[in-house]
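Undergrad: Sequence:
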Amino acid sequence: MIIGGGAAGLAAAVAAADALRAHGVRVGADAGANGVDVAVCEADERVGRSILATGNGRCNFSNAQVDAAAYRNAAFVGAALDELRRAGGLRGGDGVDPVHAFFADLGLVWREEGEGRLYPLANKATSVLEVLRAAASDAGVREECGREAVRLDAPARKGDRFHVRFADGAVLHAEAVIVAAGGNAARALVPESLAWEEPRAVLGPLRTDARLVKALNNIRVRCAASLVGRDGAEKACERGEVLFRDYGVSGIAVFNLSRFAEPGDTLCIDLLPQHGEAPLEELLRARLARLRERGGAGTGDDVLRGMTLPAVGRAVLKAAGLHAEKPLAQRDVPALARALKGLALEVRGVGEARQCQVRRGGFLVEAFDPRTCAARAVPGLHVVGEALDVDAPCGGYNLHWAWASGMLAGRAAAESLMEGARRA
Numbered sequence: 009m010i011i012g013g014g015a016a017g018l019a020a021a022v023a024a025a026d027a028l029r030a031h032g033v034r035v036g037a038d039a040g041a042n043g044v045d046v047a048v049c050e051a052d053e054r055v056g057r058s059i060l061a062t063g064n065g066r067c068n069f070s071n072a073q074v075d076a077a078a079y080r081n082a083a084f085v086g087a088a089l090d091e092l093r094r095a096g097g098l099r100g101g102d103g104v105d106p107v108h109a110f111f112a113d114l115g116l117v118w119r120e121e122g123e124g125r126l127y128p129l130a131n132k133a134t135s136v137l138e139v140l141r142a143a144a145s146d147a148g149v150r151e152e153c154g155r156e157a158v159r160l161d162a163p164a165r166k167g168d169r170f171h172v173r174f175a176d177g178a179v180l181h182a183e184a185v186i187v188a189a190g191g192n193a194a195r196a197l198v199p200e201s202l203a204w205e206e207p208r209a210v211l212g213p214l215r216t217d218a219r220l221v222k223a224l225n226n227i228r229v230r231c232a233a234s235l236v237g238r239d240g241a242e243k244a245c246e247r248g249e250v251l252f253r254d255y256g257v258s259g260i261a262v263f264n265l266s267r268f269a270e271p272g273d274t275l276c277i278d279l280l281p282q283h284g285e286a287p288l289e290e291l292l293r294a295r296l297a298r299l300r301e302r303g304g305a306g307t308g309d310d311v312l313r314g315m316t317l318p319a320v321g322r323a324v325l326k327a328a329g330l331h332a333e334k335p336l337a338q339r340d341v342p343a344l345a346r347a348l349k350g351l352a353l354e355v356r357g358v359g360e361a362r363q364c365q366v367r368r369g370g371f372l373v374e375a376f377d378p379r380t381c382a383a384r385a386v387p388g389l390h391v392v393g394e395a396l397d398v399d400a401p402c403g404g405y406n407l408h409w410a411w412a413s414g415m416l417a418g419r420a421a422a423e424s425l426m427e428g429a430r431r432a
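Per our numbering, the very first residue in the sequence shown carries number 9; after that it's consecutive.
Calculated directly from the structure, the hints in this document are not laboratory data.
Since the structure is predicted, the reported quantities are computational estimates derived from the model, not experimental observations.
Take the hints with a grain of salt, since some may be wrong.
Think about it this way: if two alpha-carbon atoms lie no more than 35 Å apart in a straight line, the pair counts; the simulated DSBU-like pairs of lysine-lysine are [said to hold, decoys possible]:
#1 K334 <-> K222
#2 K349 <-> K243
#3 K222 <-> K243
#4 K326 <-> K222
For each label pair, taking beta carbons as the anchor points, the in silico distance ranges come out as [unchecked claim]:
#5 A196 <-> A83: 26 to 34 Å
#6 G329 <-> G154: 58 to 66 Å
#7 A305 <-> V117: 58 to 66 Å
#8 A286 <-> A95: 53 to 61 Å
Glycine included, every Cβ here is placed at the ideal spot set by N, Cα and C.
The task is simple: from the sequences and hints, build the whole structure.
TA: So this is what it looks like as structure tokens:
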């Protein structure tokens with residue numbers, strides 16, 4: 009049984025059914041005594057709703073260059089991805105990323121965009137969900153929607169089955185269970201003996217001191233952004249687009265930094281990353297001198313005209329303690345250069361959960377075998393996707409992990425069932 013019909017759950021279902029059928033085992037509710045019923049139990053009224061919401065409805069389903077180093081708990085992820093490659097994936101061949109081979113075999117066609125991001129050629133997340141559901145249906149997987157699992161009891165002794173209780177009072181039994189539900193739903197289903205970190209939303213906008221950003225609402229800048237902790241040490245740095253909002257900042261660069269952000273940190277925005285601070289000072293002094301030679305007043309607005317948008321320039325001047333409409337002196341240049349190279353915003357927190365793409369936290373990976381995503385202390389129980397304490401930056405990495413962990417767990421659960429049947 010797979011609890012959760014999102015990305016990881018559907019991948020697990022297809023992988024499990026494929027592995028069983030490859031060994032001649034019938035799959036389906038009517039498969040008979042020698043067959044296996046593979047069921048996806050989803051609390052929502054349909055499976056895959058979370059897939060449809062990704063990438064603004066386009067579904068950045070993977071990346072052309074997935075690197076385990078990009079993930080939280082990189083060693084665990086690396087071991088899992090190595091195992092998937094070693095086994096050749098579920099449907100793939102040599103030299104091809106197993107997740108990509110899996111989707112190619114399902115019939116998905118995609119294109120690569122900037123920074124290796126992979127999107128379905130149809131540019132719709134529905135394409136990804138449709139090939140998964142079709143493959144699951146063809147393989148005999150059963151969907152049970154509107155089924156919210158609320159309790160999971162592990163077998164009391166060898167030979168017993170898992171008991172899964174649902175919100176409507178129904179109880180189903182299973183030889184193996186894959187928990188693919190995200191967030192706190194997973195906590196209620198897995199034994200308390202397995203360590204857990206409370207999930208928090210990440211990959212989202214940052215709420216900051218609004219005094220500078222309110223006047224910049226909906227303005228985008230290309231920049232370098234760094235996150236500095238309370239101790240003054242840089243925690244992370246990103247280059248890309250930042251979108252100012254009236255509550256703070258957004259954009260892919262900010263989303264990636266949000267993985268490490270805590271209240272009290274400082275977000276430093278370098279508006280001119282192509283210039284060092286000393287060369288920038290020289291440039292500003294030269295601009296001020298030329299303005300004076302031409303008879304201009306040399307105000308802050310004058311100096312930054314053509315270099316930044318007016319609203320951005322005024323925010324920078326304010327941060328530097330300078331007046332936009334008053335003439336600048338040469339002694340003001342260092343402060344202006346510092347503000348351009350490090351517009352500082354105090355972080356108040358990450359945006360609301362609905363604004364964020366993933367959650368950081370979940371079950372600590374030390375309790376699981378990375379080759380199977382199986383709980384070491386609970387035979388037959390696997391935990392995948394966002395339910396594990398694994399996350400990564402934007403770019404398709406998080407969905408790649410969902411597919412990969414689901415594939416590993418699905419195959420491992422199927423092989424365990426077949427091994428048990430052989431021993432019996």
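Undergrad: Each hint needs a verdict: does it hold in this structure or not?
TA: Cross-check of the supplied hints:
no., hint, in the structure
1, K334 <-> K222, "22 Å, holds"
2, K349 <-> K243, "17 Å, holds"
3, K222 <-> K243, "26 Å, holds"
4, K326 <-> K222, "13 Å, holds"
5, A196 <-> A83: 26 to 34 Å, "28 Å, holds"
6, G329 <-> G154: 58 to 66 Å, "59 Å, holds"
7, A305 <-> V117: 58 to 66 Å, "60 Å, holds"
8, A286 <-> A95: 53 to 61 Å, "54 Å, holds"
The structure is consistent with each of the numbered hints, conforming to all of them.
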